[in-house]
Amino acid sequence: MMAGTAFGLTFFLLCIMVVTFANEVKRKKCSFTRNETEQYLDTKRLLENPQILFYQLNGRNDTVYYTWSLVGAPTLFISVTPASQDTNCASVANNSFDWDEFTADQSYGSAYIPGYNGSFAFSIVFNRLIEFSDRKYRANKGFEPSKLNNNTDRYSWLHMSDFNWTFQDNELTGKIENDSTTCVIRLNIPTSGGRLSYFPKTLYSENSTTFDFVFRNFEYSSISKNKKDSNLKYGRLVLEMLFVHGQLKNGSVKERFSKDDEYTPSVFITNNYLFGGNGTFDGFLQWKPISYLSKSRKSTQSQQANLVNGKIGDVDIPSSLAYALYGIETAGVVQPVYMVYGTEGDDNNPNADYVSWTGMLGFGEPPQDTISIVIIITIAVGLGVPALLIGVGGVYIFIRRKPWKHIYVWYNTKRGYTKVVNE
Amino acid sequence: ASTMSEKELLLPSGDINKRRYDIQHVEQSIETLPENYIPEGASDNSRNRRRKYRCDNFLPCDPRRWMHRFIMLGLMCFLSFGSYYCYDNPASLIRTFIEVMKIDNTRYNLLYSLYSWPNVILSLIGGVLLDRYLGVRFGTVVFSVFVTFGQLIFALGGIFDSFILMLVGRFVFGIGGESLAVAQNAYAVMWFKGKELNMVFGLLLSISRVGSTVNMNVNSKMFDSFSFITDQPKRLGLVLFVGFGWCVLSLLAAVALGLFDKRAAKITKRKEGEGERISLRDIKDFSLALWLVFFVCVFYYVTVFPFIGLATVFLEDKYGFPAHIANIVNSLVYLISAGVSPVFGIAVDKTGFNLIWLNFGIIATLGCHAAFAFGSGSAFIPYLAMIGMGLAYSILACALWPLVAFLVPEHQLGTAYGIMQSVQNLGLAIVPLIAGAIVDHKGYLLLETFFCTCLCVALICGVLLYVIDLTSEGTLNLSAWARHRLEKEKEEKEKIALDKNGISPGGVSDGSGEIPIALQPHSAFQLRNRLLSRMGAQIPDHVVRINPLTTSFAHLGLTK
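Chains as they are written, first to last, in the working numbering: chain A, 12 to 434; chain B, 6 to 565.
Wrong hints could be hidden among the right ones.
[As the list claims (entries may be wrong)] Some residues of chain B that are not near chain A, with every Cβ distance over 10 Å (derived): (1) F154; (2) F265; (3) A269; (4) K493.
[As the list claims (entries may be wrong)] Computed from the model, here is a short list of chain A residues facing chain B with C-beta under 7 Å: (5) L243; (6) F268; (7) E273; (8) I386; (9) T389.
[As the list claims (entries may be wrong)] Here are the in silico distance ranges between beta carbons for each label pair: (10) A384(B) with V385(A): 26 to 34 Å; (11) V223(B) with G324(A): 45 to 53 Å; (12) T235(B) with S263(A): 36 to 44 Å; (13) R267(A) with I330(B): 19 to 27 Å; (14) R411(A) with L389(B): 34 to 42 Å; (15) M204(B) with A398(A): 38 to 46 Å; (16) R267(A) with G250(B): 44 to 52 Å; (17) N160(A) with I386(B): 42 to 50 Å; (18) V406(A) with L254(B): 54 to 62 Å.
Treat the hints as calculated values from the structure; they're not laboratory data. Computed from a prediction, not measured in an experiment: that's the story for all the values here. Note that CB positions come from ideal geometry on N, CA and C, so glycine has one too.
Take the sequences, apply the hints, and build the full model.
Here it is, written out as structure tokens:
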């Protein structure tokens with residue numbers, strides 16, 4: 012009966028714990044997609060040539076808007092407003108764009124997404140995919156943004172706006188005509204915290220969105236090959252991104268070290284591009300400095316992904332959602348950054364035909380990995396048992412030796428039985 | 006007959022997993038020739054002239070003299086240098102192997118696992134092969150050939166860009182590797198028993214570890230310097246061929262040793278020893294304490310060698326070390342071990358308290374792995390942890406391997422050490438695969454946690470060993486002085502027994518047919534063991550023939 016009661020109580024407590032700590036949906040999501048001819052709410056069907064992917068996530072205290080624009084240079088825009096009661100994101104999206112002007116030339120003022128001029132609004136423009144001839148295998152240390160436009164022997168590029176996109180199941184697939192290069196962007200718009208199911212298994216919160224780039228079968232040009240020896244290859248890929256802030260201050264890259272690489276084997280660093288604002292919101296772009304070289308995403312087939320800062324103002328905002336929102340005059344900071352894929356000294360993986368990179372954009376504090384409960388329990392048991400053994404063993408030895416125990420012998424005397432202590 | 010105990014044989018020990026030879030059964034007799042010895046058929050004058058100018062009379066050529074002995078020592082050092090240099094070829098080039106051969110950590114660790122698999126069996130029978138079938142000289146050459154050809158196949162695997170061929174090469178290499186160390190020990194005992202044997206063992210271990218250290222520090226730079234070879238697999242194969250070159254030198258040393266030893270045996274008329282005895286039936290008589298020693302051995306060593314195999318990339322990824330610095334840091338364990346093993350051997354010798362040293366070594370290694378697991382990315386942590394691991398590894402080796410000699414009778418030592426090495430190799434065959442899979446899927450923190458868990462198991466066994474020893478008033482943790490006193494008391498008791506009952510010191514009756522008072526048998530088997538261990542006891546033929554494993558006794562002249 013006692014055992015049954017104990018079991019029942021334990022089961023009840025476990026149920027309470029499961030219910031309490033289970034993933035609680037913290038935001039309600041509404042998604043809107045549009046191309047030239049169609050627009051959909053929460054669709055899973057294949058969409059050819061999508062123009063806008065619009066997500067509105069209503070929380071208790073605020074509403075977040077994520078907008079992917081494939082018109083012009085692909086752009087991800089995030090803005091935050093006080094909590095909105097409007098749950099019809101289709102009408103919000105339609106009210107946020109002047110479609111004719113926006114689709115024609117993305118002229119300034121043709122987009123006005125809620126919050127774009129508020130205390131937190133931020134966009135990343137994925138501008139160019141650069142081919143970089145790394146003859147000395149220096150990777151990010153050998154990449155010079157200032158010489159990008161002048162040195163055609165070392166640099167060539169594709170414009171991301173040249174890709175033709177399709178969208179299905181949260182995946183954007185881009186291809187270029189007469190080119191084998193493919194770009195796949197896997198999106199994740201979460202309503203609550205969690206972790207990606209694929210490496211690098213990024214930890215995200217309800218205040219962030221992740222995107223996973225995969226460049227496949229890139230056609231490297233002659234600058235990435237040695238004419239005399241076909242074994243010698245030099246090509247590295249670089250993704251040029253433009254950070255277009257509104258009212259936010261400049262950002263800086265901060266590296267965070269973690270003891271735990273359980274979720275991203277052999278990666279102990281997390282990079283955050285942090286920026287602050289006049290309001291209460293801070294923002295971040297977070298990524299792990301790893302780029303996988305195969306679909307299996309093993310750490311043994313990977314290279315580093317390191318950010319190189321460009322000079323502010325060196326690159327103009329291209330035709331994109333960012334231009335439509337900010338133009339040039341009110342763009343604020345236009346910070347070019349370059350994500351260089353490659354490891355210094357690694358002459359084994361140039362001209363890679365599979366290059367991946369995962370990033371996370373969000374606001375508030377960046378999520379941080381902690382040591383998992385599995386490891387804590389393992390260490391506790393592993394050290395606890397010997398400690399217990401030492402303690403119990405010590406007590407057992409102490410008792411067995413009986414230093415304090417006396418043997419009493421009773422013998423009869425005139426006064427009666429008397430106790431004699433005999434050790 | 007030897008006057009040295011197994012304890013003296015094993016200390017200062019260092020890496021005693023390579024030391025296993027029952028010197029009780031080797032009668033060293035580098036005897037002197039009579040002064041007036043004259044070859045047959047020689048005339049007086051010519052005899053005198055020939056005697057004066059005989060090569061044997063010159064210091065370096067005379068096997069009875071110290072210089073020749075140390076020349077032989079030089080050859081012995083070279084004997085296993087190639088093997089130790091090549092064993093850790095994968096660890097020194099781990100990232101190169103992974104990128105060039107396009108493998109993951111699990112497949113990479115097969116290179117270590119396959120080395121250990123043949124030694125699960127060979128640890129048991131290697132000594133018997135040397136003593137009974139091959140002989141020490143021929144056996145040494147055979148095993149050296151396996152090592153050399155194994156490394157050749159391994160290098161060809163690089164040249165032909167075939168990972169399967171590399172695995173085959175490592176397997177062949179493993180067949181010879183461990184047994185070659187046993188052969189090296191046999192030579193050491195033959196030439197230095199009763200002389201500088203302890204120093205020789207220490208030196209052999211140190212030279213071997215120098216080979217490992219050289220490999221760690223040279224291979225990566227060699228690979229970079231061969232940049233004129235653009236084909237990466239061929240470049241890797243060429244680096245591995247350098248190891249093949251060292252193995253060829255070791256093979257030549259084996260041949261030279263054999264020739265010199267044959268010559269010395271002829272000159273000094275050396276008697277052949279009785280050799281190894283392995284009897285698997287003895288396993289059932291092993292005590293719980295002995296099995297705990299086995300568990301400590303396997304659960305400890307699987308946290309050292311597999312870790313060294315993976316450490317270079319770990320140091321690069323977590324601490325940001327460049328490849329050549331990571332290799333240097335990784336080699337610290339071997340370097341420290343080479344230097345301090347003799348020192349700790351002497352310390353354990355002088356103080357005793359083996360179990361305390363043992364548990365201290367385990368706890369210290371646990372601390373090093375915990376530092377790797379939970380420490381920050383500061384650059385000083387790997388240096389301290391690796392140095393600590395080298396020290397702890399040396400301490401444990403000095404304390405652990407002699408325990409077997411305290412727990413089993415002398416004639417079971419071969420079996421006991423064979424089982425211990427066999428179990429150790431089984432662990433070293435399985436754990437690298439587990440470690441590789443953990444790194445591939447879960448990262449290095451979980452790998453270090455796994456190693457910490459193994460060390461916790463070793464610690465549990467070590468503590469249990471201590472408790473059992475304490476409660477059963479065993480002798481494993483005696484101080485050196487107490488052990489010495491115990492030995493003396495035993496000798497005096499036997500002397501008294503001899504005086505009282507006319508019983509020989511070996512405990513065998515003079516012929517009265519009575520069971521000696523000095524013996525307190527518990528079973529017929531234990532009585533037989535005690536008699537055998539007293540030297541000189543003879544086993545009836547019908548007992549020998551019952552068990553094929555013991556038929557070797559017939560060949561060793563022990564039957565009536």
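Hints versus structure:
no.	hint	result
1	F154	29 Å, holds
2	F265	47 Å, holds
3	A269	51 Å, holds
4	K493	26 Å, holds
5	L243	6 Å, holds
6	F268	5 Å, holds
7	E273	5 Å, holds
8	I386	5 Å, holds
9	T389	5 Å, holds
10	A384(B) with V385(A): 26 to 34 Å	28 Å, holds
11	V223(B) with G324(A): 45 to 53 Å	50 Å, holds
12	T235(B) with S263(A): 36 to 44 Å	41 Å, holds
13	R267(A) with I330(B): 19 to 27 Å	24 Å, holds
14	R411(A) with L389(B): 34 to 42 Å	40 Å, holds
15	M204(B) with A398(A): 38 to 46 Å	41 Å, holds
16	R267(A) with G250(B): 44 to 52 Å	47 Å, holds
17	N160(A) with I386(B): 42 to 50 Å	44 Å, holds
18	V406(A) with L254(B): 54 to 62 Å	59 Å, holds
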